[in-house]
Structures are given as C-alpha cells and as structure tokens.
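Mind docking chain B on chain A? Use the hints.
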Amino acid sequence: MNKKSFWKKITDSRDASLVLVLIVLLAVIEILSPSFLSFNNVRQIFLNNALTLLMALGMLCVMLTGGIDISITSILAFAGMTVGLLQKYDVLHNTLLLFVIGAAIGLCCGMLNGIVIAKGKVAPIICTMGFMYIWRGMAYVISNNAWASGKDVSGFSDFGKDGAAGPYLILLAAYILFFIVMRWTRFGRRFYAVGSNKEAARISGINVARTIAAAYAVMGLLAGISGALSVSIYASAQPNMQYGKEMDVIAACVIGGISMNGGRGSVAGTFLGAMIIAIIAKALPLVGIDAITQNLVKGIIILAVVSLNVFTQRAINRQNLGRREI
Amino acid sequence: MAGKSGRAISAAPKDGLRSRILSWEGALVLIFLAVQIFGVSISPNYNFTNVLREMPKYLAEIFMLFGMACILILGDIDISVGSIVCLSATMACFAGNAGAPFPVVVLVCLGIGLLCGMVNGFLAIKLQELPTMIITLGTQIIFRGIAEVTLKSGGSVSMEDVAGLMQMGKKLGPFPLSLFFVVLTAVIFSVLLNRTVFGRELYAVGANKTAAYYAGIEVQKDRFICYSLLGGLAGVCGIFLLASLYGANTTTGSGFEMEVIAMCVFGGIATTGGKGNLTGAFIAAFVIVCIRIALGQRNINTQLILVIIGAMLIISVLLPTISNGLRAKKQKR
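So the sequence lines, in the order shown, correspond to chains A and B.
Per numbering that gives the first Met the number 0, the very first residue in the first sequence carries number 0; after that it's consecutive.
Per numbering that gives the first Met the number 0, the very first residue in the second sequence carries number 0; after that it's consecutive.
Chain A with its partners taken away, still in its complex shape (with noise of 0.2 Å):
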C-alpha cells in the first residue's frame, strides 16, 4: 500500500480525521502547557465529563434512526432525584440496587418517548420536549423542595467520588459494549438500516417502530444510570441539575460526525468529538484564555466542524460529477 492510499484513507474516514485533530489539540496544548497530559489531569477530565461520555451513547442511537431526544437531563434528574431521595430517607443504601433503580427508571421514561414517537407518530423534538417538562416538573414534585446533600449520600458517593474507580469502569464497559454493539451485532445495524432508508429497512423485514422505539428506551437507560452516576460524583441531589446540558451532549455528537438525518455516525466518533469540547474546556485557562469564554469557544468550533463537513462534501459532490461528466 503507498503513502498516498494512507493519506486518502484518513482523510475519507470522520473518525481518523477526528483523531488527527485530537493529536494536533493535544500536541498544541501540551507545548503551551507541559503538564496538561498528566495522569491526574486526564483522569479529571474524563470524571468531569463522565455523563456526557455516557449519554453520548445513547443520542448516537437515536441520532442513527433519525430522530434527537431532548429530554434526557430530565430524565437524569428524575432518576438522580429518586435515588437520592431513596437515600436521604434512609429506604435503602445498596449501592448496586440504587443502580439498578436508576436505571430502571431511565428506561421506563425511554420507552414512553419511544412509543409516542414510534407509534403515536409524533416529531421526536415535540415529544422529547413534552417529556423534558414532565420530568424534570416530576423531579421538583418528589423532591418537595428538598434535596439531597452529601451527608444523606455517603456510602453511595463512595462510588463515583474523586480518585475511585467506579465511574471510569462504568465509562469503560459502555464504549466496549456499544462498539461491539454498533459494529457486529443485528441489534445495532438496524439502527443505521432505519435511519439510511426507513423503507428499505421495512421492505427488508425490519420492524421499524420497535426499531425506533428501542433506540429511545437505550438512550432513557442511559440517561437513568447518568442520574445515579450524577448522584455519586456530585454527592448531591438536586432537581435542577444538569438543566440544560442536553445540548452538550447533541454538540458532542455533532462534532463527532453523527449526522442529524441519521444513518451516519459511530462510537468512535461520537468518542472524540465528546473529547474534543472536554480537552479544550479544560485546556483554555492552562493556555491563557479566561474560562469565561468557554461558552463562546465551543460555540465557534460547533459551527466550524459542522460548516467544514458541508463544504468538503460539496466539494466531493463536486468531484463525483466531473468524473461522472468523462
């Protein structure tokens, strides 16, 4: 194979592209600021960004089919909300069971949205609003104007608090899983069936309701077990949190080049691209940039790599017809 196939082989595939501009980041950062690869710095960005990582996965699914889900921080904070409460009223303090409840939740929430979209036939974006406002208004009814503090979480807090393992092995497990997942298994390419041509994927016997369905309770599930992961790292439970931060999450996928018609998108990318806005928020103050404007900063890259993806492939299209034209 020669150099030039190399190079053409990056540059038509997102995620390696993605990973060249993770290194240049990387490296630009670590000569304007040498400590920025420790070990301790790493393990803070990966803890700090632990949900978006987490919740990343399950947009990938619903992006794949074609749809976006907007609810999913109510949903956490429905979770987060009950698992602290749980706690706080001294029910129970099994930290696995805890899990397994947040979870549980999560994925009763996922399943609502996906059958309203599936069957009630419903734009995804409607829906999941719907639901953002019932959860997240659940979270404050059940919480009562109370939270849940540090003291009411100990035990569970041990879990996910600074320098244990637990969120990382979460972490680990669901990128292993859903790039097995995603790549080899019927489950996971049906995804990318319905959301590439919704009827040819019918045509060829796949169900495409309970497709879409399943892609929504994947992303509740995750959402659920972010609540109580939430809960652990921030030993605290309030109804308002991760308010807004959904839209982290949709820019994550974006800029890992999960295309929002579906059909388009992987583990991988959706990997980096969390990356990508987790690195330079954490870089911009090493470097000299006030932290203020990191808001601004992410804004801006969003806008480029999405503006940067519809120039090269005009360009492409351009190619192809000229070659098409000999």
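Hints listed in this document are in silico derivations from the structure and should not be mistaken for laboratory results.
Certain hints may be false.
Below, in silico cross-link-like pairs of lysine-lysine (DSS-like), each with a Cα-Cα straight-line distance of 25 Å or less [said to hold, decoys possible]:
hint, chain 1, residue 1, chain 2, residue 2
1, B, 125, B, 208
2, B, 125, A, 120
3, A, 120, A, 197
4, B, 331, A, 118
5, B, 208, B, 56
6, A, 244, B, 151
7, A, 120, B, 328
8, B, 56, B, 169
9, A, 118, B, 170
10, A, 87, A, 160
11, A, 120, B, 329
12, A, 281, B, 151
13, B, 220, A, 118
14, B, 151, B, 170
15, A, 160, A, 281
16, A, 197, A, 281
17, A, 197, B, 208
18, A, 150, A, 160
19, B, 220, B, 125
20, A, 120, B, 331
21, A, 244, A, 281
22, A, 150, A, 87
23, A, 118, A, 197
The following block gives chain B in isolation, referenced to the frame of chain A:
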C-alpha cells in the same frame, strides 16, 4: 393546499359551525374557558384585575411566538432565541448604564436582536444542507457566550436609570402597556401571514420547498427574512423583560426557546411545516399564561406547571393519531 387549521380533530367538512367548533382553535377556546373556571375554583384571588396585574412578567416571551410561528410554518426551527434575549437585554443594560438616553437603549436592544437573527438567517441560507437545529444550537451557545464574556465574572448587570423602563411597565386603565403591544404585534403578523403574498409564500415553502422553488418563490430570501424577524422580536422580548426585571444575568431567557416552541405546537402549528395558524398559537399562549398565574396565586409548587405543560403538549400532538386510529377502526367495521 396548506390547511387553515393546524390540527384536525374531526373529519367534518371544512365549513359550517360544526367544523368551526371542532377545529383545534375551537377546542383551544374551550380549553381557555376551562382554565378560567379552574383558576376561579382553586384561587379566591383569581379575577380579571389580578390576572391583568400579574400578566406582564409572562407577556414578554409571547412576542417571540409570532416570529417562531413563521419559522415553524417554513419547516425550520430556531433554538437560539433564548440566548438572543439574554444578549440583547445585557447590551441594552450596558448601553443604559453608559449614559445613553432611553430611546437609544431600546434601539440597541432591538438592533442586537435583529443582528443576531440576521446572523442565524445568513448561516441558514449559506449552509442549506444542515438542519437548522444544528446551526441555531451553535449560535445559541455563541450568543450566550458573548453575553457571558461581556458580563465578566460577576455574571449580572442591573439598569441604573430605570425611569424609561418604568414608563414601559405602566398601565393604560386596567391593561398593562405590554398587552397592547402583544395584541398589536399579533394583528400585524396575522395580516402578514394571511393577507400578504409573503405570508402565503411561507405556507407554500413549508408544504413543499422544492415545489415552491420551482413556482418562483425566493425560498432563501423568505427564510432570511423570517430569521431576522424572529431575532428582532427576541429583541422586543428583551426590552419588555427588562421592564419587569430591571437587569440581566447569564441565565436570562434560558429555556425561552422551548417554551415558545411549545406554545406554537400546542396551538396547532406543525414542526414539519406548512400547517397551523396564528390564532391557535395566540390562544394557546394565553392558556399557558393563565394556568401559570392561577397556580402561582395558590402558591402550589410552581414546578408542577412543567408537568402540566408537558402533558398538554404530548396529548395535543397525539390527538390526530388517536382520532385517525379511531376513524380507521370505525371504517373497518
């Protein structure tokens, strides 16, 4: 042809009293009346004067309803309006504190809003391949980012000279001044959508973009105008918000975009484009405002309103599917 009524709940012919009552707008009027009865029954203070007195703080975001309706009818979406409100209100505060006279402050607020809307419109027509959700997600973060940078670490600013803002918060008889402006905007946009070529073009574009293009409609120009209009209205929202808050911070207007879209959708405007009208959205907005006021008066956990709005939204969008299903079952039998 683009339907007059956004959401059909009956198969009855399109004219006659029966269909008028069974149209979604008719149903909304009934819901509005039901909300009034609900309000009176749960709160002793729920009466005409009190409702009007508490209305101004909820009125500001209704301005954006009309622009959002245009955008949704086009088949697009704009989730950056909350950030535009934040940015324009912030800039207006800084302009006022720098000594600008009040009319200039108003102009700054509207101008910043219009400018942000034009940025959205420009990006939307230059990057046509992208869903507008992504573009406005980017600008949503950028506009609020600019406001955050301007506000620096303190994160909030308050207006020093509030004389002008007090004037805006005044009342004409029992009615707050902002209500007149809302109604005026509603009339203007209603004429614009139903009685002008531009308005009918929006329905055509929303129903079928390609067909509209081949019929000679300047699709991209219309989209740009709609985004600019919405941006300008976000500026209007900003100045009226200042009239009740006298200041801005980094979270000003957050979540407004979803509330406005929810009002539109609840009012029968389809996000797929080409369907719905302003009347429905207008009534829906006041249904939500009245529920808020009623629950607020009883001091019921105000977040319960979120559950109610969410449930109403989902039930209303599920209605057509349910009624279609029932009709299909009837025909089978």
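Practice prompt. Compare the structure with the hints numbered earlier in the document and write down the numbers of the violated ones, lowest to highest.
Written response: Violated: hints 2, 5, 9, 13, 14, 16.
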